[in-house]
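For the sequence shown, full-length UniProt numbering gives the first residue as 1, with consecutive numbering after it.
None of these hints come from the bench; they were simulated from the model. Everything numeric in this text was worked out from a predicted model, so none of it was measured. Some clues are possibly wrong.
[As the list claims (entries may be wrong)] Restricting the straight-line Cα-Cα distance to at most 30 angstroms, the calculated cross-link-like pairs of lysine-lysine (DSSO-like) are:
| # | residue 1 | residue 2 |
| --- | --- | --- |
| 1 | Lys-193 | Lys-211 |
| 2 | Lys-118 | Lys-45 |
| 3 | Lys-193 | Lys-34 |
| 4 | Lys-115 | Lys-34 |
| 5 | Lys-45 | Lys-115 |
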Amino acid sequence: MSQHFEEEPHNAITDSGIARVIPCKKLEAGDPLKWLALGFRDLLKAPILTVFFGVFFALIPWLITYAVALTGWHLVILPAMVCFMLIGPFLAAGLYDISWELEKGHTPSLWHAVKAVKRNAVNEWGFGILLTVLMIFWLRVASMIHALYPAYLGDNLEELLPFLALGSVVGAAFTAIVFFLSAFTQPILIERKVDLATAVLTSVNAVWLNKGPMFIWAMIIFTAVVIGFLTGFIGFILLMPLIGYATWHGYIDTIEVKRARKYE
Numbered sequence: 001m002s003q004h005f006e007e008e009p010h011n012a013i014t015d016s017g018i019a020r021v022i023p024c025k026k027l028e029a030g031d032p033l034k035w036l037a038l039g040f041r042d043l044l045k046a047p048i049l050t051v052f053f054g055v056f057f058a059l060i061p062w063l064i065t066y067a068v069a070l071t072g073w074h075l076v077i078l079p080a081m082v083c084f085m086l087i088g089p090f091l092a093a094g095l096y097d098i099s100w101e102l103e104k105g106h107t108p109s110l111w112h113a114v115k116a117v118k119r120n121a122v123n124e125w126g127f128g129i130l131l132t133v134l135m136i137f138w139l140r141v142a143s144m145i146h147a148l149y150p151a152y153l154g155d156n157l158e159e160l161l162p163f164l165a166l167g168s169v170v171g172a173a174f175t176a177i178v179f180f181l182s183a184f185t186q187p188i189l190i191e192r193k194v195d196l197a198t199a200v201l202t203s204v205n206a207v208w209l210n211k212g213p214m215f216i217w218a219m220i221i222f223t224a225v226v227i228g229f230l231t232g233f234i235g236f237i238l239l240m241p242l243i244g245y246a247t248w249h250g251y252i253d254t255i256e257v258k259r260a261r262k263y264e
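Use the sequences and the hints to build the structure in full.
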């Protein structure tokens, strides 16, 4: 995988002084598809671990949907979907470890993947708390939107449409913010002994400087999530591990490293 880095333009992120920002590569529009191809290769090399983590990812939205069915709060489906996208990067740590082990020529194991979150534990758990806070904040906003829903209106699509549209716009904004914050944060924390601020700002900087390719990558992730929901979550068993593996290769391809990567 080529690692030709261009000098980064100065911007508010790199010049913030809040924390160190690791330089990034200028990506091309086709790079996200390359990450998917490499991720698919990892999927084929570790099928049992892939299915294990995939089942785990499929259970999460099933439990969310089950909770929605118990409460009868139909308007919670949209925020629940966003919540799933919020916690996904943190839960994918084991998948990143599998790709990293394959990159090093090792045989990945479940125990090694489970321990991945412990390598930079304080900052990785801090990242988890950050995502949880954002999730809770989004749920509170969703509750406010739900409170605006007049009790006298029915459940038909025409009457629900204004509230679904409002929820979609707000949810899209939250999802975009989380994507900036988390696109590469978890892989950085797993591989490097850096603080959370450095990892988050590096992720934000990489996405900001590569808005076109990263938008394509975001749409690929969104499409995978939609397919997963349309297939009754069965699709998540393969799609979420694939996205996890591909994200690791996206990190390798995007964030500057001290030595060339050998995994191609």
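Now for the hints, and whether the structure bears them out:
Restraint check for Lys-193 and Lys-211: satisfied, since their Cα atoms lie roughly 27 angstroms apart, inside the 30 angstroms limit. A threshold of 30 angstroms between alpha carbons decides the hint, and for Lys-118 with Lys-45 the separation of about 24 angstroms falls inside it, so the pair holds. Restraint check: the Cα-Cα separation between Lys-193 and Lys-34 comes to about 27 angstroms, which is no more than 30 angstroms; the hinted pair holds. Taken as a hint, the Lys-115 and Lys-34 pair is honoured in the structure, with Cα atoms around 28 angstroms apart against an allowance of 30 angstroms.
For the hint pairing Lys-45 with Lys-115, the CA-to-CA distance comes to about 20 angstroms; that is within 30 angstroms, so the pair holds.
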